[in-house]
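Visitor: Dock chain B against the given chain A, drawing on the hints supplied.
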Amino acid sequence: MWSTIIAIIRVQWRVEMRQRVLLWQVAPFAVMALVITGLAANARSIARTEVGPGLVYVVLVFTTLLLIGRLFSAESSSLSSPSFAMLAIDGSAAYLGTVIALAVELLVVTGVVVAIAGLLFHFSAMSLLVATPSIVVTIIDLTTLGVLFGALAARPGQSAALLPLIALPSFTPVIIAGERLLSAAVTHHGAGQWWGLLILMSAVYGGIGVLLYGVIGEL
Amino acid sequence: MTVARLTDVVVTRDAFPVLAGLSWTIEQPGTYVVRGGNGSGKTSLLRVLAGLDAIAAGEAEVLGHRLTATGRREVRRRAGWLGHDAPFHDALTVAENLAFASTVTRVPRERMADALEQVELGARTDTLASRLSAGQRRRLGIAWLIMRRPELWLLDEPHAALDEGGRQLVDDVVGRAVAGGATVVLTTHHDVSLSRVDGEFMVRGGR
Chain A
1 MWSTIIAIIR
11 VQWRVEMRQR
21 VLLWQVAPFA
31 VMALVITGLA
41 ANARSIARTE
51 VGPGLVYVVL
61 VFTTLLLIGR
71 LFSAESSSLS
81 SPSFAMLAID
91 GSAAYLGTVI
101 ALAVELLVVT
111 GVVVAIAGLL
121 FHFSAMSLLV
131 ATPSIVVTII
141 DLTTLGVLFG
151 ALAARPGQSA
161 ALLPLIALPS
171 FTPVIIAGER
181 LLSAAVTHHG
191 AGQWWGLLIL
201 MSAVYGGIGV
211 LLYGVIGEL
Chain B
1 MTVARLTDVV
11 VTRDAFPVLA
21 GLSWTIEQPG
31 TYVVRGGNGS
41 GKTSLLRVLA
51 GLDAIAAGEA
61 EVLGHRLTAT
71 GRREVRRRAG
81 WLGHDAPFHD
91 ALTVAENLAF
101 ASTVTRVPRE
111 RMADALEQVE
121 LGARTDTLAS
131 RLSAGQRRRL
141 GIAWLIMRRP
151 ELWLLDEPHA
161 ALDEGGRQLV
171 DDVVGRAVAG
181 GATVVLTTHH
191 DVSLSRVDGE
201 FMVRGGR
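Going line by line, the protein sequences match chains A and B. For the first sequence, counting from 1, position 156 maps to 156 in this note's numbering; every step adds exactly one. For the second sequence, counting from 1, position 44 maps to 44 in this note's numbering; every step adds exactly one.
What the hints contain is simulated information worked out from the structure, not anything from laboratory work. Check each hint, because a few of them may be wrong.
What the hints assert, rightly or not - Among the chain A residues that face chain B by a calculated CB cut under 10 Å, a handful are: (1) Arg18; (2) Ser83; (3) Phe84; (4) Asp90; (5) Ser92; (6) Ala93; (7) Ala94; (8) Ser124; (9) Met126; (10) Leu128; (11) Val130; (12) Arg155.
Ideal placement from N, C-alpha and C gives every residue a C-beta, glycine not left out.
The following block holds chain A by itself, in its conformation from the complex (with noise of 0.2 Å):
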């Protein structure tokens, strides 16, 4: 399972080097989104507020989209291949090969687009540093549940207006975690019970993930 796994990811990251979607369209993308929103927002007023870790995120879940949608439709023709299916790559592991090649490519432009936000709405150094690892845990779940609705609106008929409207609303609760979490460390007061339902996320819907992937293909 675990050489698939690795397959999976040396591929996915291999087509990005080639590719750069991730540098010339994702994360322009998501630098535009977040300046035109402090634009609209007017940053100057929000600085070190707790509307400022509220559009970070706003900005981190339409990247998630795009990133996700980028990718099935760039593999839907070849994942719904005769050919890729004649494969039958361990349903597990093609998603936890994904999950994590996707999570480490969105952490990236995270990492982008909180110094940005950081500069824009005054967050400090040391109050970045503090939220790290909720942002971490937040991107992952945003990816395992993006990767798991991903596949199934490339599957055969769908439409691309699919992913958001299915994801969308799962994308909530996480989005409300993380954000608080953010305020939190950006404004110093304490938030620790949104880390339970941060980790309880990540392993209920990467459980779901593990179980159904596979048969999300079978569809």
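Guide: Structure of chain B alone, referenced to chain A:
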């Protein structure tokens, strides 16, 4: 052991029956040719034999597995497919594509060099799949089948997009696979020049 037994098989796609009560039995390994016009159900028949499509009615058993969800997966592990689709990732090289496929299916990677030589792609190992011609992509698909050595070869119009040399290559590979004990089922519109054909099946209107 019977290779495949299909009895009154019905397969629907978007509520349309692409196979409508088809019955066919392949008793023993060999070369079998499926004929029929466009849209007659040739590819759908191959997809059932490959374990790619679920059946809506009837009975189906391939390589000793009933075609339930679990059975279909087992069939896919033991069968090989060559179709019209691009079987490999465009952003990976010839060698990287075969290495990935061999890793996830636990096929020994040592078979790669010989397989690529057989399909005359030995000098193209570092070429991106996107830069291969249609005929070369078809040869790459054949190379993967040579590496994988499936028990059941399912070839959907294998001579399409190939030049004279490529068509001869397909016939040679099919001959070697059957000599090794495999079963080859191929669809075609045309006359075939295979040295040995053990059976033919005509599909008309999904039957």
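Visitor: Run every hint past the structure and note whether it holds.
Guide: Evaluation of the provided hints:
no. : hint   : result
1   : Arg18  : holds, 5 Å
2   : Ser83  : holds, 3 Å
3   : Phe84  : holds, 7 Å
4   : Asp90  : holds, 8 Å
5   : Ser92  : violated, 13 Å
6   : Ala93  : holds, 8 Å
7   : Ala94  : holds, 9 Å
8   : Ser124 : violated, 41 Å
9   : Met126 : violated, 41 Å
10  : Leu128 : violated, 34 Å
11  : Val130 : violated, 39 Å
12  : Arg155 : violated, 13 Å
Checked against the numbered hints given earlier, the structure breaks hints 5, 8, 9, 10, 11 and 12 and satisfies all the rest.
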